[in-house]
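If you want the building blocks of each chain, they are given just below.
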Amino acid sequence: MRNYMKYLCGLCLLCVLCGVSVSCQDGDWEPVTNYTLWNDTIQERNVVTIGSLKQKYKTAISNSSYAKIEDDVQIKALVTVNDEGGNISQQIVVKDESGYIIIGVTENSMYSYVKPGQLILMNLKGLYIGGYGKNAQIGYPGKSSTSGAERIGRMTRYDWYDHVNFLGTPDKTLVPAAIEFKPSLDKDTYSDYLVYVEGTFADADGEAILAPVNMADAGNSVNRTFKIASGGTVDIRTSTYADFYKMVMPTGRVRVYGVAIRYQDSSWQIQMRTGDDLVILE
Amino acid sequence: MTKKLTLVALFFGMAPLGFAQDKPTVDTGSTDDASLRQDNAAFVFTESQLGENDDVTQNVIMVNSANNVYTSNVGYLFSPVRYKYRAYNSRFNDIYFNGVQVNNSENGQFNYSTIGGMNDATRNIDASGVFEANTFSMSNIGGSSNYNFRASSLPAGHKVTLSGANRNYTLRAMYTFGSGVTKRGWAFGGTIGYRWANMQTAAVEGTFYNSLSYFLSLQKMWGDRHSLNLATWGNPTERAQQGASTDEAYWLANDRQYNPYWGYQDGKKRASRVVNNYEPTALLTWDYNINDRMKLTTSLIGKYAMYSSTKLNYNDAQNPAPDYWKNFPSNYYDVWDPDNSRNWQYAQESWQDAYDFWTASKANRQINFDELYAKNYGLNADQKDAAYFIQAKHNNHIMAGLGSTFDWSIDKDTKWKLGLQLGNNVGQHYQTIDDLMGAEYMHNVNNYAIGTYLPSDPRVQYDLRHYDGNPYSEANRLRVGDRYGFDYNLWMQRASLWTTFTRDKGISHNFISARIGGQQIWRDGKMNNGIFANYTDANGCEVKLSYGKSQKARFLDGGFKMGTNLNLGKGNALSFGVGYEARAPHANVAFVSPEQNNNFVSDLVNEKIFSSEIGYALNNRWLQMNLTAYYTHTYDGTEWQNFYNDDENSFTYNSLTGVQKDYYGVELGMKFKVTSNFNINLLGSFAEAKYTKNTDVVYLLSNAGIPQQDVCYNKGMRESGTPLAAVSLGLRYSVKGWYFNLNGNYYDRIYLSYSPNMRYTKNLSSANKINADGSYNVPEQAKSNGGFMLDGSIGHTFRVAHHPLNVNLMVTNITNNRKLCTGGYEQSRSNYSTNKNGQTGSERLYDFVQNPKKFYAQGINFMLNVNYRF
Chain A
1 MRNYMKYLCG
11 LCLLCVLCGV
21 SVSCQDGDWE
31 PVTNYTLWND
41 TIQERNVVTI
51 GSLKQKYKTA
61 ISNSSYAKIE
71 DDVQIKALVT
81 VNDEGGNISQ
91 QIVVKDESGY
101 IIIGVTENSM
111 YSYVKPGQLI
121 LMNLKGLYIG
131 GYGKNAQIGY
141 PGKSSTSGAE
151 RIGRMTRYDW
161 YDHVNFLGTP
171 DKTLVPAAIE
181 FKPSLDKDTY
191 SDYLVYVEGT
201 FADADGEAIL
211 APVNMADAGN
221 SVNRTFKIAS
231 GGTVDIRTST
241 YADFYKMVMP
251 TGRVRVYGVA
261 IRYQDSSWQI
271 QMRTGDDLVI
281 LE
Chain B
283 MTKKLTLVAL
293 FFGMAPLGFA
303 QDKPTVDTGS
313 TDDASLRQDN
323 AAFVFTESQL
333 GENDDVTQNV
343 IMVNSANNVY
353 TSNVGYLFSP
363 VRYKYRAYNS
373 RFNDIYFNGV
383 QVNNSENGQF
393 NYSTIGGMND
403 ATRNIDASGV
413 FEANTFSMSN
423 IGGSSNYNFR
433 ASSLPAGHKV
443 TLSGANRNYT
453 LRAMYTFGSG
463 VTKRGWAFGG
473 TIGYRWANMQ
483 TAAVEGTFYN
493 SLSYFLSLQK
503 MWGDRHSLNL
513 ATWGNPTERA
523 QQGASTDEAY
533 WLANDRQYNP
543 YWGYQDGKKR
553 ASRVVNNYEP
563 TALLTWDYNI
573 NDRMKLTTSL
583 IGKYAMYSST
593 KLNYNDAQNP
603 APDYWKNFPS
613 NYYDVWDPDN
623 SRNWQYAQES
633 WQDAYDFWTA
643 SKANRQINFD
653 ELYAKNYGLN
663 ADQKDAAYFI
673 QAKHNNHIMA
683 GLGSTFDWSI
693 DKDTKWKLGL
703 QLGNNVGQHY
713 QTIDDLMGAE
723 YMHNVNNYAI
733 GTYLPSDPRV
743 QYDLRHYDGN
753 PYSEANRLRV
763 GDRYGFDYNL
773 WMQRASLWTT
783 FTRDKGISHN
793 FISARIGGQQ
803 IWRDGKMNNG
813 IFANYTDANG
823 CEVKLSYGKS
833 QKARFLDGGF
843 KMGTNLNLGK
853 GNALSFGVGY
863 EARAPHANVA
873 FVSPEQNNNF
883 VSDLVNEKIF
893 SSEIGYALNN
903 RWLQMNLTAY
913 YTHTYDGTEW
923 QNFYNDDENS
933 FTYNSLTGVQ
943 KDYYGVELGM
953 KFKVTSNFNI
963 NLLGSFAEAK
973 YTKNTDVVYL
983 LSNAGIPQQD
993 VCYNKGMRES
1003 GTPLAAVSLG
1013 LRYSVKGWYF
1023 NLNGNYYDRI
1033 YLSYSPNMRY
1043 TKNLSSANKI
1053 NADGSYNVPE
1063 QAKSNGGFML
1073 DGSIGHTFRV
1083 AHHPLNVNLM
1093 VTNITNNRKL
1103 CTGGYEQSRS
1113 NYSTNKNGQT
1123 GSERLYDFVQ
1133 NPKKFYAQGI
1143 NFMLNVNYRF
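For the record, the sequence lines run as chains A and B. Using the numbering used here, count along the first sequence one by one with no gaps and you end on 282. Using the numbering used here, count along the second sequence one by one with no gaps and you end on 1152.
Among these hints, one or two may not hold up.
Now the stretches of chain A that chain B is said to cover, found in silico as 3 or more residues with beta-carbon under 8 Å [said to hold, decoys possible]: (1) 29–39; (2) 100–109; (3) 149–162; (4) 179–192; (5) 272–279.
Cβ-Cβ distance ranges computed for the label pairs, FRET-style [as the list claims (entries may be wrong)]: (6) A:GLU70 with B:ALA757: 13 to 23 Å; (7) A:ARG253 with B:TYR926: 24 to 34 Å; (8) B:ASP638 with A:ARG253: 33 to 43 Å; (9) B:TYR606 with A:ALA67: 47 to 57 Å; (10) B:SER643 with A:LYS182: 44 to 54 Å; (11) A:ARG253 with B:GLN833: 27 to 37 Å; (12) A:TRP29 with B:SER643: 53 to 63 Å; (13) B:ASP664 with A:ALA67: 29 to 39 Å; (14) A:SER267 with B:GLN833: 49 to 59 Å; (15) A:TRP29 with B:ALA911: 47 to 57 Å; (16) A:ARG253 with B:TYR606: 55 to 65 Å.
Hints were generated in silico from the structure; no laboratory data involved. Just so we're clear, the structure is a prediction, and the values are computed from it rather than from any experiment. Beta carbons are placed, not taken as given, at the ideal position from N, Cα and C, and that holds for glycine.
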């Protein structure tokens, strides 16, 4: 009996030790609530308008080239469009009282934290500005993987986080309402505006979709001719990677919302943000 | 995990109370070489043999036949590189407990980690080689082993073991007790053990280990005639895994043990891949000695295996993996072709920026959990689904099996055995949300399919049973613990009969074995997948494409094996063996896309295996030697893989049929007994294990329901993750209770797992890998550089209070060779982008062919064991 008692005590002790000392190492994790993606140390010190910025670098923009922003300047702007929907990808549109500009960032699904109506303060020194099809963009120089052309591209998301501060919480009511699109709109002024246009899709037949993959161009997008009710036409440009690329073009009259993007001097394109930007009128 | 441990500890602690009457016989411990190795090694399996390491997808295979110098040593010696016997998949190695087969019915493999930590209980093994007759089966081509879990086989007495290491775990404690056989015919024994490492102490950063093992066996004998044994064991384990990465990542991290599967959350380390595994098992064995020559052994086993493994996943968001290819410097600058015209100054600057970011701090190289939470919070505000979440993939099994063997020694030269194996297994496979990471909910939606179909299309629903027309309805919000993605059971039922006849005649020992079996498999889907929705056919019958039971696939298989061993005298022996069998496919390869639908792979047939071997053995006073040559040919095999196919922008399920392989090689084991206490061992093998024919493939994209057919140009691809050439020179010396071992091992021809889709006709054409004569320029398989490893051990047996105290220190990789790549896999992404219409886009600067994911051997590592028997 004595022999068994000695090992029994040892065994029980070991069991108890195991039982009390063992605990899950991957238990419930407390949510993290105080992390900010952006650089909240950035303070206002030398804010310039988007208009003045575009004026200063108009040569680079109009030549579809790029230039480095050497001055220690900032913009304070409101986000009007993000990348929700997948049609406007890896870029956002911001505006201040003087104009609009695109910011290109190599990051997917920025819409999770960049909301329309968000006010941002951005340090520009060290970044680049240029023109993509003469459309002004802040980003980083890139080379086309197909043509080899040098142009303004997108900054890394780490540069973006490092150069931007978010001021307050987003207020959607601050985003200007969409204006009516006309082909005669001045491209220098109205590029990147939120617009709407009413009319019909020229190729709508009840089955044709917005962006058939076999019609995609080198940018993986399809331009659909839109007949404007008030006259003229415009291209509705949809990426084959947009969530709604398979939407069937309605045959009747519709209103299309989107961002007006200039392409060089020759044309306009309207890029819908989400499938909700297509409103059937009849 | 804590609750499981407490219950187990209480149960185990109470059990010995029933046996506080008879005095046990204490085992004082022997000092011969084999016993010393076992005692002082204090573990039978190394961590790599347990199949837990490094996110490996195949377990190692061990053959431990004591008759053969090579097979009895190779599993242990070569375990640091996860050696697989003859490069066979572990489904070719059969494991039995008290005569009942315990391989996983679905994949045929045995996971040694389920008996890890039970070292003392797993010492009694009856192992047989490929062409050795045994008492429990027709041996598989990778050998077979039968573990004896009877209480009477445990050495009587107590043993306490304490260990410290810098390996998968840091500390280990074990207690083993055996009563021996008491006068009243009872035997009781058990072991309890605990292995532990946390994130600060584990050898690989970002991993931890938390495992309790228990084993309890109770036996009652009625004279020499009957014996009944009940054993139960379990191994509740929680551990964090290590992931493979590229040489670029290892270079940037300046650490070949860099692990991308962890990160920081609020300043604390958090692992993204955590495995929880618990497989409580009960085994009842009845031994019936019918008479002096006949014996019947019957075992009944039941097991409920609970296995889950977590993974960080994302929907419509930036890939959160720190070693995602777009994060690397070589994504910005073509490091393989400096003359590339895209290597302009801004590419260089970007390369430098990325390099600076990677090298600036460890946190930059790991998952940023804080960032992922922040993005999820942003989505909450817009009432959107989680972008990032931790999912848990569950693979549970409820298994019952019966094994019964009739053993008849007809006369002194003739034996006959007849056995029956029955098995029923249901595998429960589903996925749950483990942590929403700050998000409030998500929906059971196939995000891979959005883009092929509109979000409002019911085909993007994983389960139409709860679909109300609104893909993101409030009623269908999923929260932590809810199932999503897939939910299905796989059923396997099997019955087989085997027999072995052995006959000694003159100088020959001969055997012939045969088996025949039947198997049926079916799937029972628990979700009505939107792409494979059930429907009603023209006859009004419901076609259960995904929800409900599939058809049943039935197979009849069998085979034979025969061999002879010729004793030529003076310690010389020759052996020959040949076998042919057909093996039914396992459930894990039987379905095209088990996560989505009930469809079987077309052309699903038995795999055929031809095996042969010739050997020479010499055993005299100073030399024991085994030299073996073997050849195995398999055909009509079926393999299955799933992975993200970059060219298709989709997760894919791939079935390869008509798989044909050759395995052949030479093995040598020599043990020179220089003196009574000094041995020199030499082991070596040179093998080939490769596909001998291109394979037909059918793959299904997760974003569409149409199977695609192609040919995979995998002829010449080799089995991966094991050295196909290895040599070991070992010195063993023992004197006055001290023993010293030193082994120098060289490994070579370690191939990485090849990527099938990179060798599909479609991908080869897209990549323009076509020779002038129209043949395809198939990429070479990625291969590891070979390497040398020096291992040693020293130990001594002391006497403390008249009982042996063994102290053993094992040091592996004494020369700290961290350049030895032990395995890994090719990436399945292309060096070019593809458009939605399948056309090739632009070349990427990042070169996936040059960047396979690899594992490297751990540098110098040790284990110190102290065990005391009393």
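> Okay, which hints does this one fail, numbers in order?
Replying inline: Checked against the structure, the hints that fail are numbers 4, 5, 6, 7, 8, 9, 11, 12 and 16, while the rest are satisfied.
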